[in-house]
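Undergrad: Given the coordinates of chain A, work out where chain B should sit on it, guided by the hints.
From first to last, the protein sequence lines stand for chains A and B. According to this note's numbering, the first sequence is numbered sequentially starting from -18. According to this note's numbering, the second sequence is numbered sequentially starting from -18.
Any given hint might turn out to be false.
Put simply, identical chains are the same to the list, so a pair is met inside one copy or across any two.
[Said to hold, decoys possible] In the DSS-like style, the derived pairs of lysine-lysine whose C-alpha atoms are separated by at most 30 angstroms in a straight line are:
#  : residue 1 : residue 2
1  : Lys19     : Lys(-5)
2  : Lys76     : Lys223
3  : Lys245    : Lys173
4  : Lys245    : Lys57
5  : Lys173    : Lys93
6  : Lys(-5)   : Lys89
7  : Lys223    : Lys(-5)
8  : Lys76     : Lys245
9  : Lys(-5)   : Lys93
10 : Lys63     : Lys210
11 : Lys119    : Lys18
12 : Lys119    : Lys(-5)
Just so you know, these hints were derived from the structure itself, not from any lab.
If you want the building blocks of each chain, they are given just below.
There are 2 protein chains.
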Amino acid sequence: MASHLNLYRLNHFKMRHGGELDQAILAYETWGELNEKKDNAILILTGLSADSHAASHHQHDMDTAGWWEYMLGPNKAIDSNKWFVICASSLGSCKGSTGPCSPNPISKLPYKFEFPDLTLEDIANSSFDMVKSLGVNKLACVIGPSMGGMSALALILQHHNASHHMINIAAGCHSQPFSTAIRSLQREAILKDVNFNEGNYSSDQWPRQGMKQARKLGMLSYRSAEEWKDRFPRSLRQRPNKPFGIEFPVESYLEHHAENFVHKFDPISYIYLSRAMDWFDAFDYVNENDNPFAQVELTSALIVGAHSDLLFPRAQQQELARLLDDVGCDTQLEITDSIQGHDSFLVDFENYSKIIGEYLSQLRF
Amino acid sequence: MASHLNLYRLNHFKMRHGGELDQAILAYETWGELNEKKDNAILILTGLSADSHAASHHQHDMDTAGWWEYMLGPNKAIDSNKWFVICASSLGSCKGSTGPCSPNPISKLPYKFEFPDLTLEDIANSSFDMVKSLGVNKLACVIGPSMGGMSALALILQHHNASHHMINIAAGCHSQPFSTAIRSLQREAILKDVNFNEGNYSSDQWPRQGMKQARKLGMLSYRSAEEWKDRFPRSLRQRPNKPFGIEFPVESYLEHHAENFVHKFDPISYIYLSRAMDWFDAFDYVNENDNPFAQVELTSALIVGAHSDLLFPRAQQQELARLLDDVGCDTQLEITDSIQGHDSFLVDFENYSKIIGEYLSQLRF
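Isolated chain A, as found in the complex (with noise of 0.2 angstroms):
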């Protein structure tokens, strides 16, 4: 598997807030094959816990199954016959990728809060910088969902031509109060767990009820109240081992998915990443009622939202699409009826495949 990941080394690349990385990597993989004209490339942005492996590369039996499996190989939504998609694991992730607890290359030692702010545009920037590195210079489609769908907005307003067409799902313009909020609840699980230390954490002194707390958090704002009620019915009680133990069916669900989480991901790698979701704003770019995206140039749009969606909600994506339209961007809105809530593009393979299937398949290059 080592074999599809790739790695694209960042020199001297400048951060948004100040400072810069040197000697950073950003690992990477890709499907499918780039055609002579290079006009056929789709950058597929991550959510917050994503890697680069979206799913598995068909020619070798011994591949695990990817983070978007269904939905990009040969013939599937995103064929990888048609298409030459790459994607990365984001800057300041853990999974490959420079972050927080990747060696300074002055002191050797991690970074943990050396390393300089991260924000979204940090992300797109060095996504595109690889993607050029590769030879191409503007992309076919650049698909992000979750954070990843804010990366792609960060992305085309600093590029104002990087790609041809966007997919953009479970996003916004900017995080709602109440997702920062959840977000801040989050982070401060983990700052606050006493072997979180200021950082100085250790694999034998880590901060894993934080960790525990923050996946669990996570888990509540990505599904939705709608599907839990079928999903965990009430007689399937049991009773706890311990006073307050483990009883209802969802807090077995919580603990299980909370158990697997905490050592797959950095503490510190989280928390920059979830500051920088909350950090993003469109309307950065432009004084109060412009419209951000008045410079971009955006043939067409596909903006894809959730009706369950808590964290996300759908007037976020009617405000993207509106947006899009306004400024003369084919925009195509689809809110599903899917019940699984923020998560819904990971685990509605019926309504995700046609929707993004048709709308690529209809793209000409």
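TA: Frame of chain A, contents of chain B only:
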């Protein structure tokens, strides 16, 4: 103010899950006068963190405002010129009534986890015992918002003839898994705080962080994304005074409320009451598919919900209204357009005064 507080002693009070409380106290307040026929009594059952002080007692200038000040008093929606209104601090709470932080009469030390399992049935039964001690055998109306709404159901399911009428607000036949998940995270934040120390905390070693986290989660679930969108403009972002410090307006708001709450509630009381909410299930009283209210002798009921309530979504008030209607109770269902979420009944003076005032004004006794 202390003069308004009455104490009722429960003797050998049997708890639903086993165990009994001896010499337990219920602290309660009353407004208005009980008439000669003793048929104008209203019992208010409270939400989790409320106390008996639902409103001020106007004859004393020094009296403080209560948690439902706008609703209760002379010529208000719950008119104390007409009704004799009773409100107790819940059994198990820490606001004057006996709870896990009260001294165990045998050991003289605080009960802590020696306090028996607490259910909403126990809260309903202890309150009804107190009501009967005042000479009231049947209430004109029982009113319960939030946890109090489920306690009101616990009352009428056990004592079919306890009340002529019921106003049930922002509640349902049981908690949905989403709502249980939020409360489970609140309990976990308290239980896992190092200062909680298996219940052996002191005022010097207080589980501050756990209580703050629990309160912030509460604030999130009590309000709505819709309300916060306008309330916390992104433009008010401040520079944090330390890395990952408070920066967004919604963070200051949560921090302020959490700080205020930390010492206002006892941590063990909080988790006992919280679990009692998750345990309650009106369907425990019947076989599957039977109507739990079939035996209940309620003349009429007003069921109120808010479309923005995340904790007890309107489908739950719709279900409750349908079940009551099906057994011949004259049922009125009101879903308000209030944007303040679960807390709407505390905040949306206009909507709730009108609905409750009109319902009560047409009751005859």
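Undergrad: Going through the earlier hints one by one, which of them does the structure break, listed in rising order?
TA: 10
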